Each structure stands twice: as C-alpha cells, then as structure tokens.
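**Q** Chains A and B are the protein sequences, given in the same order.
For our numbering, count along the first sequence from 1 and bump the result up by 4.
For our numbering, count along the second sequence from 1 and bump the result up by 285.
No lab work stands behind these hints, which were simulated from the structure alone.
Don't take every hint at face value.
Stated by the list, open to error - Computed from the model, here is a short list of chain B residues facing chain A with C-beta under 8 Å:
# : residue
1 : V395
2 : T402
3 : R410
Just so it is clear, the structure is predicted and the values come from calculations on it, not from any experiment.
Backbone N, C-alpha and C define an ideal beta-carbon position, used for all residues, glycine too.
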Amino acid sequence: MPRPHARLSPALRRLLLLKVWIVEHFRLSERQVTLVWAAVIGFFGALAAESFRKATEFLQFLGTGHFSSIVTSFEDLPLWQRFAVPTAGGLLAGLTLWFGNRLISSVRQKSTTDYMEAIVVGNGKISFRASLVKTISALFSISSGASIGREGPLVQLSSLLASFAGRLRRCPVPQKRHMVACGAAAGIASAYNAPIAGAFFVAEIILGTVVVESLGPLILASVVATFTTRAIHGASALYRSPDLEFHSRWEAIPICVMGLLLGFLAPVFLQLLRRSEKLFSKLRFPAPVKMAIGGAIVGGIAVFYPQVCGNGQDLLSSLFHQNWDFDTISILLIAKLAATSATFGSGAVGGVFTPTLFIGSALGFLYGQTVLLLFPGLQPDPDIYGLVGMGAFLSAASGAPIMAILMVFELTLSYTIVPYLMVACVLGYYCSSIFERRFMYGESLERKGAAFFNSQLAEVSMTDLIRTDPITLPEQASFAEVARTFLQFQFQHLYVVDGSRRFLGAISLHDVKAFLDRPELETVVIASDIMNENFPRISPLQGTAEALRKFSETNSERLPVIDNFNSQRLIGSISKTDLILHLAGEQSRPAVARAVEPDVAEKPAPSGDGAVAAKGDGAK
Amino acid sequence: MINTKTLESLRTAAFVNPLAAGSEIEAIERLLEELKTNPLVANLTELKRTIFERQKVDPPFLPMGVAFPHARTDSVRGIVVVVGISPQPIPFSVGSAKLVLLIGVPKKAVAEYLELTSFLARHLRGEKVLDRLMGTTNIEQFLAAFAP
C-alpha cells in the first residue's frame, strides 16, 4: 500500500540547504567531536586539580598554621609538632580509607576505582564514591607532610571528570577509555606544567601506543589543562635552571656511564618500595594504625630533616638553587628514600612520581660532584648531571624513556641538555629493563588484580564497539522524509531497512545533496530508489581486520552492523574512530599483559575490587 | 534548463503513440517490448521484474495522469526511456494514466536518475505542457514540446 507523502515546506527546504552547506563545510566528524570533548576535559580537569591544590593548602594551614610551602611550614614548627602532624595525618587518612572501604564494599560496583585500570582494562567508568574516598584520604596524607606526591590524586580527579563525560556522551568502551586517558593527560599536564609530557605519559605508559588517532585528543587535553593552570599560576617552568653549558664534548662519556648506573639503581628503588609495602602488610594492624605508623616514621625523620616532608618539589628546587655539599645531599637522599618508602609502604594514597624525580636528581648531582672531583679538566656542572640524572632515573623506573625526556625538558626548559638527556634516558631504560620487567606502573595494574585484568582482555570484542539504535528509514520512505532525516541528524549515510529491520542499503548525503531543494522529487522518489544496496556491512562475528578492510571500501565514518549475513538484521553501527582506538589498545595490551604476567601465578587477585585500595595509584 | 545527460537520455528514448493497453501491466509490458533490441539493456527479464517490484511498493504517479514506472537496476548499462502516449486513459493502481514514461537506470547513476526524474516531474505538472506532449507523434516533437 503506497504511503501518503509528507512534503517539505519551503522554509524547511531552505533550512535543509543551509544545514547541508554547513555539514559539507563545517561538519564535525567523530574525531573532531572527540577533540572538542578533550578540550572540555582538559579545562575541567585543570580546575579539579586546582581545587585539590587549594583544599590541600587549607588543610595544611589547619595542621601547621602556615600557608607557605610544606617544607617551610615544617621548618617553622616545634619539634613535637613535626612528629605529631604526619602521624595524625596518617591516622586520619587511614580512617578515611577504612570507613570508606566499609561503606563502598557494601555497594556492588561495576566501575573501577583507578584511572589506569579504567583506561587499559576497564570499561572507562571510574567509581565516584571510591575516588572521593581516595581523594579525601590523599588530602589528609599530603597536607600533613607525607612524603608522597599529590600528582596521583590530581590525575585521579581529572580522570574521574573525564569518566563522567564519557558516560554523558554514551559512547562505546574504547571512546570512554580514551576520554579517561584525556583526563589523565590533563591531570599530569596541570600538575607539572608539562603538556607534551602529559600526553606522552598516558600514550607511552598507559595506552602503550603512540597513534595519531589517540595522541591528538591527549595533546589537546594536556594543552588546555596547561593553559588553564598557567592562567592561575603563571607560565614558569617548575625547575628552571640558570644557563647550562657543557665545557667539553668528552662529558658525553660520564653522562652515558651515569645513564647506565641509574639504570641499575632504579630497580633497586622499586624493590625498596615493594619491600616496604611487604613489611607493612605483615603488620597485623588495621589500615589507620599502619598509616599512622608510616606518618610517625616521616614525622620522626622530619624532626631532624623537615625537608623530607611533601612530594619533594621543594627539595628538588633547593637542590638546584642552594649550594648543598656532597654530604648534605647524601643525607637528604637517604632521608627522603626512607620517608617515601614508609609513606608508600603504609598504603598512603598518592604518587611517587615527584619523589622519583628528586631521587634521580640527587643521585645525578652526587655523580656530577664525583666527576668534578675525579676529572676537574672536564669542568662538569653538577646541575646538568642532576637534571640528566632526573630524566635517566625516571626513564629507568617508569619504563617510559620518551615521556622522561619530554618531562625533564618541560620541567627545565633547557635545550642544552636535551641530546645528553636523550642518551642517558635510553641507556637507563635499556639497562633497567634487564632487571625490571614491571616498572613503576605495571605495579599499579598488578595491585588491581592481574586475574581481573586478564579476564577483561578476553571480554573486549567487536560487540563492545557497536552503537545500538542507528537512525534508519523504511524502504518506501519518501524523498521528503529522506531530506528531513538528513536535516535532523548529522550523518553522511542513512540506513534503509525493511519491516523486519533487514538491512537493505544506505543513502549517501553526497549522492542526494544537490537535489534536496527539488520539491517535485518529494512524491515520486522513495528511499529504495536512491540507496546503495552494496554498501559495506559488518557482522560481529567478523574480526577487526575485516572491519578495517570494509572501512577502506567506503569514505563513511560508520558501518552498519548486522547480526549475520543470512538474516542481515541491522543491530547497530560501528565507528571508524572507535575501531582504531580499539586496535590501538589491542596493540598495547600484549606489553601490559607481559608486565603483570609473572605475578598471576604468584599472587592471587585481591577480592573486592570495588573497595578502595590503600595505595597510591596512577601518576606516582 | 535541461541537463545534457537528461537531454541525451530523452533524445534516445523509444516512442509509442498510441499506446494501446487496458491495464497497468499491459502498458508496462508493451513499453518494455520497445527495449528488446536496445543495446543498453543487458537483461530485459530482470528489468521487467525490477520495475514491477518497484510498482508494488509505491508507484510513481503525477496528478495530471502521468505514470513513470522505473527501476534502478544493473540490468541496464545506461539510462533507457520509453515514452508511451495513450489517448484512452489506462487504469493504474493509483489513477488513470494518459502518459507513461518507463525508465531504467543503472544502479550507480543516482545523480542522473534524480536529474531525469526531477526534470520530468517538474514539467509534467503543467497542464499546457502536458497537452502539447499528448499531441506529439515522435520523440523530436516530444522534446520540443517541453520548450516554453
């Protein structure tokens, strides 16, 4: 039975022509929409990070009576208070986790608590409650002088916001993960004023791949976050050093040796953190007591060396701007190592990224002073060795040489050191990888449970990429309906189905755009007259390689997905961007899987994953 | 202004006047006979099947009594048109037709198909044009009748 034809009004037809013109000239593709979201995430991620900073400063004021830096605050405290504040802070942080765990474990959660897990193996959803508990706990630890970085919570918060954005957008899992990755990049960038390193941190360490498809949004999120942070705090580099200069090309030799040495020492540092963690886990005390003990150890050290308090940023700054001698640096290095191990081992929420930077710098500085003593003819500058050491140690500990090179460059804005830095970072990484297979961030995933990780790997399939309920038209839809649907939705192709949703073909906007202003066609042409019956389609049973091949047959951003090639029932559509992000993730997984593989047999996965892990995660 | 390809399609069209048929099916079959020797038709049976299938869904018909059964099918290598003029109205499922335009279009020629259909649908709504067309006896006259 022929359908009555609905005609387009002249005004609607003019609107349609305008829309088609806009779509043709300014159409936002899926990739561009992702970029817009990345910018939004970058902005709000930076604001979230800033809010966390302010909250930390306020709590620090309550505990110490000072708004200045954490080290200065502790230097001005009486000795008893230097001990009491970190102890009380550890206790409060532990109590927050303890009560938080009890609260959250009563609620069955499908989302994860950690942004790294959300990006690599999860579904891109981060639990709000668990993140809140971790953030409050981190606030207590960090504001009371714990030797741990606030970068972890900053990244966690911006990733949480990105996770919300992903849910709001209702996109498939790879896109959600990618948005969380943008949040993480924004967090790193705003924490260190380092947009390039922020993007590469996530690409190299978490995604394990540097693909333009995924890197572009990461870069944009990082840059927007950095600009936002700079608008608040100014644009200076965190550890800018005075003019640095190499006096001899022969210095390349001791620099290379330093890279190798730090490559040997980084696994020792990681081992120290693990041992400390094991030691605390043997204590038969509840988490609040353990964290109070961790705080007490930091407080005990702070009585003599208040410089160990905080993430190490002040210490690092002093290292480059005060003329400390060999002994002072050695003592502070040992004190900082002890304080960081105690804080980390006790289960405080936070990161060891900045402490790692200080430890690398201090080792490099000591090495530079030794070179100066042994080879005065080279006129080595220990500052340079400190900066290069920072990068080499970070590279060796994190297993991410590109990120380490970029990070140190952005922190110092010194180009002079870059060639030497690159060599030292690469040597450090290769040397470290002889002894270390998991690096700093394999640990985080391991803690979240290798079994869970592996099961997630198996579960991710083509089905996760399908967007359900695509816009369709019946085969007898009039040309007016076709035009109206193109006006209503921003698609380049409309799918045509029969009464039982069997996929019949697709109408291309490109084919019909020149005729959309012809009212005479509205009643004589129907959808089946202008559809392409041979439009490529994909079944979930086919692999991703086949999907890629089919995308190459068309310039469409999406492909229709049918249940199988017999019934051809349309069940959804798949986007090229989602597929590429998915494949980029797949590419990185074998490496991540290897990182956690050795522990699958050794250590059973912890139960109750929805509960807060009493540990620093992410950007450590 | 007529599109060059549309003009070419109409210039090579077969012309039947008078079209003697008592029903929609007879009219279409009679017009299809004109294509038996057309080199652009690769498979006449398939073309016929596709046209009748299309007629079942939503037969294109203009209020002035113009029917244009058509199909996009790979059974033709280029656009083929047959013009049929019937002094006696032929009963179609949606009305009585006095002018029948049978069109076959290759699947890939979407733009050409829309251009041709648009041209015909636009001009065949005017009563004067239609009257002029009804009086034509060959394709040259038929084409000339479109001129204002």
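**Q** Look at each hint and say if it fits the structure.
**A** Verification of the hints:
no. : hint : result
1   : V395 : holds, 4 Å
2   : T402 : holds, 6 Å
3   : R410 : holds, 7 Å
Checked against the numbered hints above, the structure violates none of them.
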